[in-house]
Structure formats: structure tokens, C-alpha cells
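If you want the building blocks of each chain, they are given just below.
There are 2 protein chains.
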Amino acid sequence: MASAETTPLPPQPGALKPRSARRAVGEALDEHFELEPGFVDEVAAALRADDRDFVRSLVGELHYADMADLLERLDSEDRKLLVDAIRDSFNPDVLPELAAEVRDEVMDTLGFEDLAYALRELDSDDAVYVAGKLDPEERVQLLARMPPDTRKLIDLGLSYAETSAGRLMQRELVAVPNYWTVGETIDYLRSGRKTPEKFYAVFVVDARHRPMGVVELHRVLKAKRPDHMRDLIDPEIDVIPVDMDREEVAYLFRQRDLTAAPVVDKSGRLLGQITIDDVVDVIEEEAGQDILRMAGVRAEQDASLYRNVMSTAQSRFIWLVINLGTAFLASAVIGVFEGSIEKLSALAVLMPICASMGGNAGTQTLATVIRSLATRELNAGNMVRVMWKEVFVGSINGFLFAAITGAAAFLWFNDILLGVVIGGSMIVNMIAAGLAGITIPLMLDKMGADPADSAVVFLTTVTDCVGFFTFLGLATWILL
Amino acid sequence: MASAETTPLPPQPGALKPRSARRAVGEALDEHFELEPGFVDEVAAALRADDRDFVRSLVGELHYADMADLLERLDSEDRKLLVDAIRDSFNPDVLPELAAEVRDEVMDTLGFEDLAYALRELDSDDAVYVAGKLDPEERVQLLARMPPDTRKLIDLGLSYAETSAGRLMQRELVAVPNYWTVGETIDYLRSGRKTPEKFYAVFVVDARHRPMGVVELHRVLKAKRPDHMRDLIDPEIDVIPVDMDREEVAYLFRQRDLTAAPVVDKSGRLLGQITIDDVVDVIEEEAGQDILRMAGVRAEQDASLYRNVMSTAQSRFIWLVINLGTAFLASAVIGVFEGSIEKLSALAVLMPICASMGGNAGTQTLATVIRSLATRELNAGNMVRVMWKEVFVGSINGFLFAAITGAAAFLWFNDILLGVVIGGSMIVNMIAAGLAGITIPLMLDKMGADPADSAVVFLTTVTDCVGFFTFLGLATWILL
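Line by line, the protein sequences give chains U and G. If you're matching positions, the first sequence starts at 1 in the numbering used here and goes up one per residue. If you're matching positions, the second sequence starts at 1001 in the numbering used here and goes up one per residue.
Derived by calculation from the structure, the hints in this document are not laboratory data. Incorrect hints may have been included.
Once the Cα atoms are required to be at most 25 Å apart in a straight line, the calculated SDA-like pairs of lysine to any residue come out as [what the hints assert, rightly or not]:
#1 U:K194 - G:K1194
#2 G:K1222 - U:G183
#3 G:K1198 - G:E1105
#4 G:K1224 - U:H228
#5 U:K80 - G:I1186
#6 U:K152 - U:E172
#7 G:K1446 - G:L1474
#8 U:K152 - U:I186
#9 U:K198 - G:F1458
#10 U:K343 - G:N1379
#11 U:K80 - G:R1385
#12 G:K1194 - U:E172
Given the structure is predicted, the values throughout are model-derived calculations rather than measurements.
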């Protein structure tokens, strides 16, 4: 691999400069690989001036992911104009990259004929994904315009559950009989017959089309032509049943550093493959959804910035109603002690402190537990140990904050007993917070729900009620 | 690829059965690809009985990721016994998979000699990762036991910032001159000289070792031997500067569906490569950290279940101190209206409701914004639009909950004006919550902090203070 000056090379664009500086058409991307706002404005202006040739020259070289970003950033009207302008050269790979609401608009503008054509060009997993996002009637209309074999593949893909391996897999793959040599495999690949556009591994199958092993491409390249493919396979093969949950698939890929894995039907026959690039999207989505679920935003779609005001308000409303219920519950707890507050109004001033601290300490535990469950660090083997740990942590911080808060309350109201009361209830509520923070997600998980789902509302119900009750209860008992 | 019965095959283990059922040594894994608790107990028992041969036969076939899980689940004493028992066959790939605290213990037990040997066997990115987790003195001791060239590579790796592309990259890669043919490349790979254990792509470099393009392996396999490598390169090349932030790297991989990308120094020379399997870990970590940061748990390490009670309590303490400050701030706001509460104790009963609803509505917005910033859906181009949307959503839900809460308060206390007061403050606080939910993460982002960092504490400060102030203020003005 010595460097050599012997072969004069034709000038190659951009070996050195970062991507953005190389753009033939001005500066579409900034240094963070994001679209320049100026570029978006330029496209919008050209669209409104109906200068379609200029539009096409501007966007002609965009990567499909950047084209998706561009479509998302344009307003609804400009979006339609752009789709019209590039209809003939529309890259179907743009579709899976779009936010749901924007995709619906783009698909509407494309119309069934062009959409059917686009879907034919996509890999089967992407085509199934896009078709799965359509309304049932639209889907029927669309599939009617597709060739029978494509339609069959898409129908089959849609028959698997939405979060299953079946939805994630693509049918296109390279499988060779176990008696083939490396030479035969390479010749087959060179012949270009039915090979997928992109692949990471060759699957070796037995006579009944059951996967015997996976050979990553670098192993094919390093082997000699007469070597047998079956001798190159990894003895450990991870076979994915078609109904496996996609979170499980993602775990397996991460745990085993896989790039491609075979998906099989019930009789063990090779149906398709799942590749690392699909799994990357699953990992990002699943990890990101926890933060939304914990905050009471239901689905990825609910969190979309492209959703309109009314449906966003509506989707958040339900969670807030539940919250209102728990807020009134906390008020009812306070109501029990209304007489005490009448006698000593300082109680009203101090009562939110314990509840607030409990809520925050509990949320810390909650987030840690939700995260540990997602990465499978927390499991049946260490559950009891972790629970005890949280109780200890709660106790330690409970005593520390009891001292701090008690002293502050004493200084503020010049009442030593008030300090004792707030300190005592602080300890109780911090321990309750630690326990609730770990048991709530574990119980949700055990019940088959997502451990993050509405976890905060359950937690704050506990910490508010315990916080108000112990503080006001202790105060009534000790002070009054 | 017709299936053929002609070649009788030797029986191949487990073409059909899922991984766990195939284990030679009992059932180490359950159907979720997790270690069976029974298996862990069996290993622990064998360790305590000092039956090292049995231990080795039990764990001998474990995948390195499962071995890491096993080490994590054993208690500290058994962990040491296990490392001792498998010292001679210790797979260094286990190390990067371990939680920080467990890794420290395992490395201590291994000792410098065996650890130095393990690090030599790792890919450079993993070796740098593990070495980077050591104390400075330990690192010096360790590096002194390594061959000079490995030491130099690790030192160089450690010189890059911890979250930079330089730390993520591995030095091992396949680069060929641009004038080589596919045939020459394959022959070079078959010769087995200096090729990495695993690779996804071949880099084509110019005479000055600057990357001109990336050729994914499937393109090498599909091409004919006389084809030139430079004709196979993707015209769009994404070059990663060595100081690029790893979050940026992850974004680029996702956006462009990359499997491998070249990392270059300032003069554009090829330094190493980043591959998709490293990026998967970054994506998982970064997406997962947001939920912890939002809840006030600082680093991935703070959230570790293996951290001891004292240091966990300590790391959470700081966040809770800040919280205590804001809780007292809210109490001070209430204190201003102590006189009003003395006159009408119902105010104390109802006052947490607006604050609580504001906090929850604001957290919904917050989570959505943090998520949109992470996926780069939210940007300068749509910021103003999204802000207005949140104000509208806050207003709509504010009015709805004003009606519900107002009616409930009226029914409870039979006081129409009290209903008006709580309704009015609900509207104000819901709008404030929406605004705070979007501006807080944006401001944190603008200041160079993580948008999730402590966002909840800032948010609840706003919603508590606004909630108590408007409710008690309106009540004082209207009712008293």
C-alpha cells in the first residue's frame, strides 16, 4: 500500500473538504450537516417564482435524508410545489425519512400512480413501513396499482405485528447452499442476479432453506476461492423468530455486535434478514420514547412537531386529566387537616416542601430504574439488592435534608417543634420516594406495560399524598 | 440457488433451535437471551466449592457479552474467584462491556501483567476506551508493560477529547491506493497481511493518504476483478474530522445510513475509521442519558446500579439541594399571602392544584422539545412556529382545565368566586408552563449546556412560583 505518484488521477471532488463545502449547488448544508436556513429560503423563493428548473438544480444533488429535511422545513404549500417540481425524479428513499404528518402530505401530492411506482423501488422493509402508515382504504387503492409479486410481499409484511421482527426484516438477501465454495459465491454475486442493492453478510442455508450460519462479507473476501462457505460460518448463530419483539431484536444486535441476522418462520426456514441500519433506528426510537412516556406524551407521533395544535392539545389532555385527579387527591389529603391550617398558617407555607423533595428524589430513582430496565442491567438477579440500596439512599438523604430543612424552618418561624415536624416528614417521604421510584416501574413492567409509562404520575401521587399527610399529620399531633 | 439434496451434510448444531437451547453447557440463557438466574447460582456454587474445572466447563462457551453480564451479577467475592479461574483464557472483549465499577474490580484482580496482555489483543478503539477509564497512575503502570507501538497508539487515542470522534475511531482499517483494481484489493485481503479482524468497507486513498472514497464490501464482491476501486466509490464522501463531537458523528451515521466512515486529521489524511457498531453504543447512551439528565441524575456512571450507597446518595444530594432552594422559593411566594390563607383556609387546600398541573403540562412540552432537539427535528427554521404552537396548546388546555377545575372547586366549597380564581390562575399557569417548557431547553442549548440538564428543576420553579402567585394573588384581590 505504498503511496505512489505514478498514476495521474482525474480530479476527484472533495477528498479533503467536509461534505458541506463540496456542494455543487451553493451551501445547502452547514458544518453540522444540517440544511442552511438560507438554502431553504432560496428553494422556497424559487418555488413561489415557479422557476422549476432552478428548483431542480438546487435540490438535484441532495441526499435523500436532506431532501426529507427540506420537505419538513418548507410550509405546506411550498411542500406541494416542491413535490410537483421533482415528481419525475422523486427518490422513494425520502419517504421513510419523513415525519408522519409530512409524509401523508407528500404521499397525497404524489398521488397513487407515482406512489405505487416509488414503493416498488424501495427495499421490502421500507415499502412495508410506508404502506403500513397509510389508511386502510388508501392502502387498498395503492396496492391495486402494484405488480402482484410486490403486492404479495407487502401484504405479507403487513401481516406481522407492528413491533415484531417481521416488520423490521427485509426479504432481499443473499443465501447460498452450504456446499458452495467462496468462488461460486463470488461468481454468483458478480453475475448480479437478484442480489440486493446493499448487504452485509451472506447466509448459508441447508437443503430445506434453514439458515446454518452467517458469513460476514469480510470473511468472504479474506477466504480463498476453493474454501467452503460452510467452513466460514460462525458456530454461534443467532436466529430471529419472525414474531420476536423489535426491542428484543435490538438488544440481541447490541449484545452480540451483529450486522445482519436471519429471520425464520416457525419451521425454521429463512424468511428474510434484519440489518444493523434498521436496528439503529429502533434503538434511537426506543431509547428516546422513554423520556416522552415518562413525561406523559404517549407516542412518537404525539410528540411530532408537525402535528397540529388541536390534536396535540387533545393528546396531552388525557394525561393531564389523570393528573388533575391526583392533584385533587392531594388536595383532599390537605382538606383533612384544614382545621390545623386554620390554627397555624405556617403549615400552609411549608407543606409543599416535603412533597416537592419527595417528588424529585423519587424521579431520580425512577429515571435510573427505567434506564436500567431498558439496558437490562436491572433484572430478577439483583432486584432485591437494588431495592435495599434505594431505601438506604433515601434514608441517608432523608436524614440530611431533615436536618437542613428543619433548621431552615426553625430559623424562619422561630419554632423548634415546627422544625422537628418538617424534618420527620422529610425522612418518611424520602424513603417512600425511593421505594415508589423502584416499585412503580417494576410493577408496570410486570403487568406488561412499559415501565416508563405514566410512571411520574403514579410516583407524584405517592410522594404528594405521603408528603402532605405526614407533614400535616405530624404537625396536628405534635404542635396542636 | 435451488435447494439440493445432493451433498450430504455433517450434522450442524442448532440451525433451527434458538440460541439458548443450543448451549452445550446446560441452559445459560433464557428465551430473552439473558442469563438464567439458575445458571448464575450454579457458577457461584462451583466457585465457592473451588471446582475450577467445572467453572471453566460452565462458562467456557459464553459469548463475551454474556460473560460480562455474569461477572456483573456475581457478588464481589465470587467475581474475583471467577476472574482467577478463567485468567488464562480471559477474553479481553469482556472489558468494554462491563459496568465501570465492576470493570475496576475485574482489572484489579487481573493485575497489570494480564491486563496489559488483554489490552494488546483488543481493537485500538476498545483498548483506548478501557485505558481511558483507569486512574492516571494505574494507566502509567499499565502502559509501561505494553509494546511501544501499542503504547503509542493508546497514548494518541487518549489525547483526543473524551466525546470526540478520535476516541471513537479504530486505527485498524483497510485502505488501498486509488489506482488499484478490485482483483488487487481481493488478493491483498486474501494475503491476510495487516487486515483488521472485522471490517465493513475499504477506503480508497490518494497518494497523500487522504480518503477519496469508501467502498462498501458488497460493492467489492459484486464488481469484476479488472474494475478500478476508484470507480466503485460513492461520489458523496462523508469525512469525519478527528475532533468532531460523537453526537454529531452519530447523527451523520443515522442520517446517511453509513456503516463505516473515514476519520481524518487537520490536513485531511486518513487516521482511522468509525464503524456502525461503535455508533450504536453512542446512540443508545446519548438517547438514554437525556432521561437521566432531565431527572437530575448526572452521568451514566451516577446511574449505575453497581455504585455503592454512599456515592449514589452523594451524587443525588447536589441536585436535591438545588431543589430544596426552589422549594423554599415557592414557600416564600406562599408566605407573602399567609394573611390571606389565615382568612380563608380553603386556599391552602386548593393551592397545589394549579402548580401541579403547570408542572406536568410543562414537563410534557419539555420532553417533546428535548427529544426534538436530540433528533434535530427542532431547529432555527421552525423554532418560532413551535413556540407559538406551544402557547396555543397551553391556552386551549388552560381554558379546558379552568372550566373543569373551576366547577370542581365551586362544587367542593360552594363558592363561585373561588372557582373563578382557580380557573383564571389555571389559564395563566398552563400558558407559562408551555412557554417555560420550550424556552428552558432552548436557552440551555444556546448556553452550550445539554438541553435536558436540570431542565425539570428550572421548569418547576417557574410553574410552582407562577402557580402559587397567580392563585393566591387573584384570591387576595377578588375574594378578600
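Evaluation of the provided hints:
1. U:K194 - G:K1194: Judged against 25 Å, a Cα distance of about 33 Å means the pair is violated.
2. G:K1222 - U:G183: holds, 12 Å
3. G:K1198 - G:E1105: violated, 29 Å
4. G:K1224 - U:H228: holds, 21 Å
5. U:K80 - G:I1186: violated, 48 Å
6. U:K152 - U:E172: holds, 14 Å
7. G:K1446 - G:L1474: violated, 35 Å
8. U:K152 - U:I186: Violated, at roughly 30 Å.
9. U:K198 - G:F1458: violated, 47 Å
10. U:K343 - G:N1379: violated, 53 Å
11. U:K80 - G:R1385: holds, 19 Å
12. G:K1194 - U:E172: This hinted pair is violated, its Cα atoms lying about 33 Å apart.
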